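*Asks:* Given next are the chains, with one letter for each unit.
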Amino acid sequence: MELRFTQADELFRAEVADWLSANLAGEFEKIRYRGGPGDEHHFVEERKAWEQRLAEGGWTCIGWPEAWGGRGASIEQQVIFNEEYARAGGPGRVGHIGETLTGPTLLAFGTEAQKSRYLPGIRAGQELWCQGYSEPGAGSDLSSVRTRAEFDEASGRWRINGQKVWTSLAHESQFVFVLARTNPDEKAHKGLGFFLVPMDQPGITIRPIPQLTGTSEFNEVFFDDAYCDASDIVGEPGDGWKVAMGLLGFERGVSTLGQQMLFQTELDEIVRIAKSNGAAQDPALRQRIAEAHIGLRTLRYNSLRMLSDNADDGSLSRESMIYKLAWSSWHRNLGKLAMDVLGPEAELLEAAPYELSKLQSLFLFTRADTIYGGTNQIQRNIIAERALGMPREPRGEAR
Amino acid sequence: MELRFTQADELFRAEVADWLSANLAGEFEKIRYRGGPGDEHHFVEERKAWEQRLAEGGWTCIGWPEAWGGRGASIEQQVIFNEEYARAGGPGRVGHIGETLTGPTLLAFGTEAQKSRYLPGIRAGQELWCQGYSEPGAGSDLSSVRTRAEFDEASGRWRINGQKVWTSLAHESQFVFVLARTNPDEKAHKGLGFFLVPMDQPGITIRPIPQLTGTSEFNEVFFDDAYCDASDIVGEPGDGWKVAMGLLGFERGVSTLGQQMLFQTELDEIVRIAKSNGAAQDPALRQRIAEAHIGLRTLRYNSLRMLSDNADDGSLSRESMIYKLAWSSWHRNLGKLAMDVLGPEAELLEAAPYELSKLQSLFLFTRADTIYGGTNQIQRNIIAERALGMPREPRGEAR
Amino acid sequence: MNFRFSDEQRMIFDTASAFLAEVSDSAATRAAMASDAGFNPDVWQRLCNEMFWQGLLIPEDEGGLELGHVEMVGVLEKAGERLFSAPLYSTVLATTLLLRMPASDTRSALLARILAGEQVAVAHTRGDRDWATGGITASVTQDRVTLKGSSRFVSFGHSAEVLLICAHDNEQQLNVYGLEREHPGLCCERLATMDQTRAMAQLTLSDVTVEPSACLGTDVEHVVEDVLNVARILVAADQVGGAQAALDISVDYVKERQQFGRTIASYQAIKHKAADMMTKVEGARSLLYYAACIADEWRAGYADSATLAEAAAMVSASAGEAYFFNAGTGIQLHGGVGITEEYDIQLYFKRARATESYLGSPADHREHIARLLLDGD
Amino acid sequence: MNFRFSDEQRMIFDTASAFLAEVSDSAATRAAMASDAGFNPDVWQRLCNEMFWQGLLIPEDEGGLELGHVEMVGVLEKAGERLFSAPLYSTVLATTLLLRMPASDTRSALLARILAGEQVAVAHTRGDRDWATGGITASVTQDRVTLKGSSRFVSFGHSAEVLLICAHDNEQQLNVYGLEREHPGLCCERLATMDQTRAMAQLTLSDVTVEPSACLGTDVEHVVEDVLNVARILVAADQVGGAQAALDISVDYVKERQQFGRTIASYQAIKHKAADMMTKVEGARSLLYYAACIADEWRAGYADSATLAEAAAMVSASAGEAYFFNAGTGIQLHGGVGITEEYDIQLYFKRARATESYLGSPADHREHIARLLLDGD
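Residue numbers (the numbering used here), protein chains in the order written: chain A, 1 to 399; chain B, 1001 to 1399; chain C, 2001 to 2377; chain D, 3001 to 3377.
Check each hint, because a few of them may be wrong.
[As the list claims (entries may be wrong)] Distance ranges between label pairs, derived from CB positions: (1) B:R1392 / A:M245: 29 to 37 angstroms; (2) A:K187 / C:N2049: 56 to 64 angstroms; (3) D:D3304 / A:A25: 33 to 41 angstroms; (4) C:R2010 / B:S1216: 46 to 54 angstroms; (5) A:P208 / C:S2035: 22 to 30 angstroms; (6) C:S2035 / B:A1108: 57 to 65 angstroms.
[Unchecked claim] Computed from the model, here is a short list of chain B residues facing chain D with C-beta under 8 angstroms: (7) E1010; (8) I1209; (9) S1276; (10) N1277; (11) G1278; (12) M1339; (13) G1343; (14) P1344; (15) E1347; (16) L1349; (17) A1352; (18) R1367; (19) G1373; (20) Q1377.
It is worth saying that the hints were derived from the structure and are not from the lab. None of the values given here were measured: they were computed from a predicted structure. The beta-carbon is built from N, C-alpha and C at its ideal position, and this holds for glycine as well.
Please put together the full structure from these sequences, using the hints given.
*Replies:* In structure tokens form, the structure reads like this:
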């Protein structure tokens, strides 16, 4: 058990920091600290350009094997990259779904042809991806997929019909991965397929979802006779659930460290305000600010445990299972803390009619943190059932 | 909506206060403030004598009809009596189960013969009662009764076999009321009977349950061929559930006001210590002490709503349904607050080997408050199902 | 002792519910939010004509109904349930303040204008963390008074015909002055706020000169404090109503919603959250009715300022937290749709946050109680 | 960077688990509780002979194992899981203090006695709300030192062969003196405490006279502060272990228990409580391992006192609350039997309460963090 990084790792850190300092400047200065959760709709064009700059420098997909353009970076190096990226104020990545979800999925389950077709575009920051998982009314029940994929013998392609929801960056993406039912006679986890679908086609319609923030980070995506090639299914028809579950596993990774650096920026801002507006003298707020600090450090060392453990074997460790519940609850509390530190000022918008301040946006948007990606209730079920071996929830027995 | 009492009520208050001041003195001085929850095993003989003194003064069963020796006191008068009793430091009542449970049950469901046999003894403070509801392993599931009652043709009496648990004051009581299964072929709420059983017989064995406090307020009661007369069943065989549920309704009553006066005494003591040991300067403890104060006042006005509403009709109002959950959670928090106000001193016992201070006893015993009489989990079920109309919990569907 | 509404009171509240159901449904609320003034003037006029709530507290000899705070609180609770967006609270606050000023022709004239449906608002605070009175000063000379400064978070100050200005004079005494909105040098602007259902304004006074007769009361710091404690109770009524509605709409939603093959209302995690919400709101409601009784006792001279302040602090802490808890938990029970603009739960959530920090935070209110309990001899 | 135990460390902890399972089951704990000394001397001797935990932190050149705080914390975590009732923590605390004193023959002799299985305890506090060092004064003259005063909550002070006394001298400097238990004028009495698994003593010194050579270190206030921060981390290890055990035994219980025809482990209300317990303990554990690393860095001179203090405050707040939450919730999950003497969950509950207020409350620790964050320039 060792907290400090090796000298080689520290050299790597310096390299990352130098590159970022040289490149996240000039035209990119204005997108520093932008485009994070709740802010995804801002500076999209600039962030696409930035994605390509990153790619030119060899800083996309650094964890991928060198054969596919990555650096085969160690966990430590990936941690360092994410930390330095966040420390430098690196903007929210528009390519993160491709890099952290599609890529690892294809590396694990894809054919060589799929890898050759899709990995280079992701690696180059040229082809962006969005996800088609949740469906309206299904909420946290990922398996209740009603979107259908049928093999169209005439065209030799898959035809997809249905609707997905909570899709970020749908307008900006070239591709969407879609979980769809290939066998309409099978239910729940069975009879699903995992498809790679181009967005730019007549069969796909995108409708933004207006949110409580007045913005629309999320979209509904409608599939009305949308198509993808016969080869654009990952695995076989029926393998969809296995592929999707593998993909969910990739979500718990090194990006948590970068996320925490953003959280630290938010907490620092709250501390700064507290010191300037008198909230720092309020004993109840002092306790809560200290609690936020302790909580964030808890997340950090929890992640370090998680990453060190993951190096060991593939299974989810206990500290991984609690992570979503822990960070989302922490972040939601931070949003409330921000408001309480601001006091009456918390109500004042940046501008009429409804331009939120960064902290207001944090406050409102963090209410989504405990919902998307599995609500806190679902997370607790998962912890109880998988980590503690308690009985599964009965299905379909309500009265 | 009127907070203040009428002049007539205030005269009644003065009468109560005067009587208590004159009588709760001398030989009874030492039992003031004693015998409450967690302290039931202390001064039992003295408290029995006190019960009879109360009866002589006409201060037992004041809410009963005059025909049965009560005063037919109004809700307001009962509130006043309970408040003044608590204010005077009136000891925990050994007769409370007879007065508040057995009595009202017989008045509602009993035969004239049963009333004549049992009510006078309760009213006189001569015959004490305990309850036989919970069974080992059944917990909050009152209906899973395994104790059996068979009519013994030979003796013409009911023969009872089984085991009850969590029975307070079993050693001191002359009678126990017992929920037992009269029809072994029926399950859950069906086939139950409600019996009035004398304790002093060979078929009954009492075993105290040692608790975390080092004391034993609760007992197990074993029935091995215990008997009661043919006439000692309330209602018919099969009516047991109806009678028992009616009885549970009687528990939510004016005694809550007296209970709150005891709570106030506890809170006052905590405030006194905080002011003397520096805890009053601790901002976090200030918040919690204030919260305790607000919470207790909430209980008070909640009870006043409850009592005023109950005067209206017999059904349980919304504020009644939350009361158990609210007071037990509040009281449990008070126990922890007491310890935190004491700081390190909280650890020091009154005496070796294990004599707890009053506040330590509060701290430990309040952990039972959220369990007995329906755990907080059961209370939340009840609120959700009965007050909010949400679906009932599935039974017996675990895997 | 009787802690229950009379039949007459129940009737008032039923009528209130029916009226609000008609004029303040979701669409009406959203229309009011989107409007410049933050309310629908037609609805306000109907309220004044048909419901006469603006006259509820005003004595009969001034032309009002002379009802009590219990009735007022019950009406505001119903308004809170409906996210009612109108200058009702602001006008009641102004009325309460006016009624504590010495009787005068100016006062009677203002009360008459309120009864006629005009709006009056109160500017009493700079609007910083401690919500203390201040922000405006009065230079008083023999023949005129010059008012200077600014006040924030003036409820419906932008649409009020008359502003009651609390200002400290040369001797640090707090006085109250009545100003017409068009008074030269007075600027009333609506603030852009996160909660759009309770419009707030900023007042700026640059060398406003008024006659001494504009003064409605002098040296009234303690009176204003009492009135602000009544205000806290009025806000708590809104919070209790909102907390109830947040519970109700969330329970309705989860009863409809299916997941994993069951209505999600059948999950214990959901049921227990709902039970906790109900426990919070019923607790706050019990304190609210107590506080309303105390406000009536205070008005009648039976309860002192300290009792009023204690009641206000208790119910503000309790109702503020109950509302925020219920609205926040309500979003969680709604799941994904809870954060969409389409559903109303987020509107309750924003109103909960706004009211929770208005006139002091729950922690501030608890500290008030702590001072009473712990800082004596 | 590698935040994972080595195979060697895992082996140490597995051995610890096995040993503790043998010597510290429920019956052994209850026997220790009921004994005058609060522990079983035979078990202590076995521990010293077979496990050698008393020498774990002692440098090799003094005859110890020279392992780190990570190993020590891991062992204490296992001890906490088992409610281990023995002078382990007290001896480790004394060792840590001794190792920060200047090297001397006296020090080496004491370390040797510890290695041989003798107990040494530290008296550092009056034991009032703020847990500041103090309570004993030292009048220092050329040829002798007179110690006076008392110290409470001295862990296993009644059974220690040697007491390390922290005393302020005439110049308000804090010095450390080593005293034999039999020293005239020194009285060590066990305190009767609510938690009976971690025995505590009161020391009273009435004009105890010692040679100047009994002084192990002078002007060591800052050293003692550092050592107490290490102590907080050691206690947190016990708390994390206890919190884990409270979770484990409660989950085992609810899996067995049937109610309303189902195992109660199948109820979401129960499952979610258990999930919250796990979330608490895993969070505290993450901070614990960080703090253990920092203690090693501090020992090696890489981390300063402020970093150590911050780590100690964070993990104390977190582990203290996690243990209390888990033990309290564990009682609730046990239902009625949770409050009986028969089940162990109540023993964890009492130990949780005792450790939560030992060396500062969670609120105190948070205030320490708040000072770091908020009170700078």
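*Asks:* Compare the structure with each hint and give your call.
*Replies:* Here's how the hints hold up against the structure:
Look at R1392 (chain B) against M245 (chain A): about 33 angstroms separates their beta carbons, and that is inside 29 to 37 angstroms. A beta carbon spacing of about 59 angstroms between K187 (chain A) and N2049 (chain C) agrees with the range 56 to 64 angstroms that was offered as a hint. For the pair D3304 (chain D) and A25 (chain A), the beta carbons lie near 34 angstroms from each other, so the given range of 33 to 41 angstroms is met. Between R2010 (chain C) and S1216 (chain B) the beta carbon distance is about 50 angstroms. The supplied range of 46 to 54 angstroms therefore holds.
Remark: the range hint 22 to 30 angstroms for P208 (chain A) to S2035 (chain C) is upheld by a beta-carbon distance near 24 angstroms. Remark: the range hint 57 to 65 angstroms for S2035 (chain C) to A1108 (chain B) is upheld by a beta-carbon distance near 59 angstroms. The criterion of a C-beta within 8 angstroms of any C-beta in chain D is not met by E1010 (chain B), whose closest approach is roughly 41 angstroms, and the hint is violated. With its C-beta approaching chain D no nearer than about 6 angstroms, I1209 (chain B) sits inside the 8 angstroms limit, and its interface hint holds.
This hint is violated: S1276 (chain B) has a C-beta 11 angstroms from the nearest C-beta of chain D, more than the 8 angstroms allowed. Because the smallest distance between the Cβ of N1277 (chain B) and any Cβ of chain D comes to about 6 angstroms, under 8 angstroms, the interface hint for this residue holds. Interface hint at G1278 (chain B): satisfied, since its Cβ lies 5 angstroms from the closest Cβ of chain D, which is below the 8 angstroms cut-off. Taking 8 angstroms as the C-beta contact cut-off toward chain D, the hint placing M1339 (chain B) at the interface holds, the least distance being around 6 angstroms.
Given hint, G1343 (chain B) at the interface with chain D, holds; its Cβ is 4 angstroms from that chain's nearest Cβ, closer than 8 angstroms. At about 5 angstroms, the closest approach between the beta carbon of P1344 (chain B) and any beta carbon in chain D falls short of 8 angstroms, and the interface hint on this residue holds. Hint on E1347 (chain B) holds. Least Cβ distance to chain D is approximately 4 angstroms, under the 8 angstroms limit. The interface hint given for L1349 (chain B) is met, as the beta carbon of that residue sits about 4 angstroms from the closest beta carbon of chain D, less than 8 angstroms.
This hint holds: A1352 (chain B) has a C-beta 4 angstroms from the nearest C-beta of chain D, less than the 8 angstroms allowed. For R1367 (chain B), the shortest C-beta to C-beta distance to chain D is roughly 5 angstroms, which falls under 8 angstroms, so the interface hint holds. The closest approach between the C-beta of G1373 (chain B) and any C-beta of chain D is roughly 11 angstroms, which is over the 8 angstroms cut-off, so the hint fails. Because the smallest distance between the Cβ of Q1377 (chain B) and any Cβ of chain D comes to about 5 angstroms, under 8 angstroms, the interface hint for this residue holds.
When each numbered hint is compared with the structure, violations occur for hints 7, 9 and 19.
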